[in-house]
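Be aware that the sequence shown starts at 1, since it is given in the UniProt record's numbering, and climbs by one per residue.
Please keep in mind that the hints were generated in silico from the structure rather than gathered at the bench. Be aware that one or more of the hints could be misleading.
[Unchecked claim] Taking lysine-lysine and the PhoX-like style, the derived pairs with C-alpha atoms no more than 25 Å apart in a straight line are: (1) K73 with K48; (2) K20 with K48; (3) K71 with K48.
[To be verified] Estimated spans, in silico, between C-beta atoms of each pair: (4) Q53 with V32: 24 to 34 Å; (5) A36 with E66: 14 to 24 Å; (6) E16 with D61: 42 to 52 Å; (7) F50 with R13: 15 to 25 Å; (8) H6 with D61: 36 to 46 Å; (9) G64 with S23: 53 to 63 Å; (10) E31 with M56: 34 to 44 Å; (11) D37 with K79: 26 to 36 Å; (12) Q53 with A33: 27 to 37 Å; (13) L81 with A21: 19 to 29 Å; (14) A33 with G80: 35 to 45 Å.
C-beta atoms are modelled at their ideal positions from N, C-alpha and C, and glycine is treated no differently.
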Amino acid sequence: MVETDHMMAVRSRINELAAKAKSPEGLTKDEVAERADLRAEFLDNFRKSFRSQVEMLQVYDENGNEVTPEKVKKIQRDKGLRDN
1 MVETDHMMAV RSRINELAAK AKSPEGLTKD EVAERADLRA EFLDNFRKSF RSQVEMLQVY
61 DENGNEVTPE KVKKIQRDKG LRDN
């Protein structure tokens with residue numbers, strides 16, 4: 001997964017908030033809400049990236065025969081990534 005500058009900043013801020021949450025001062029209500037929003041954004045981006053990787057996947061057995069699941073092949077065909 002290629003991480004953009006924005007996503008690196010999101011992850012960095014999540015980590016800052018996690019450290020602050022463990023400190024004696026804790027998080028403010030605004031920071032709790034910010035953390036929830038950032039986590040949701042991070043997970044959404046992760047899921048999209050992971051889905052894209054799976055959709056590009058081709059699986060081969062030990063004999064070199066393609067055994068990519070038909071469901072993945074259909075998605076690839078629908079996206080114009082596969083001719084057969």
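Going down the list of hints, with the structure as the test:
no. : hint                     : verdict
1   : K73 with K48             : holds (18 Å)
2   : K20 with K48             : violated (29 Å)
3   : K71 with K48             : holds (17 Å)
4   : Q53 with V32: 24 to 34 Å : holds (32 Å)
5   : A36 with E66: 14 to 24 Å : violated (42 Å)
6   : E16 with D61: 42 to 52 Å : holds (46 Å)
7   : F50 with R13: 15 to 25 Å : holds (22 Å)
8   : H6 with D61: 36 to 46 Å  : holds (40 Å)
9   : G64 with S23: 53 to 63 Å : holds (55 Å)
10  : E31 with M56: 34 to 44 Å : holds (37 Å)
11  : D37 with K79: 26 to 36 Å : holds (30 Å)
12  : Q53 with A33: 27 to 37 Å : holds (31 Å)
13  : L81 with A21: 19 to 29 Å : violated (42 Å)
14  : A33 with G80: 35 to 45 Å : holds (41 Å)
Of the hints listed earlier, those the structure fails to meet are numbers 2, 5, 13, in rising order.
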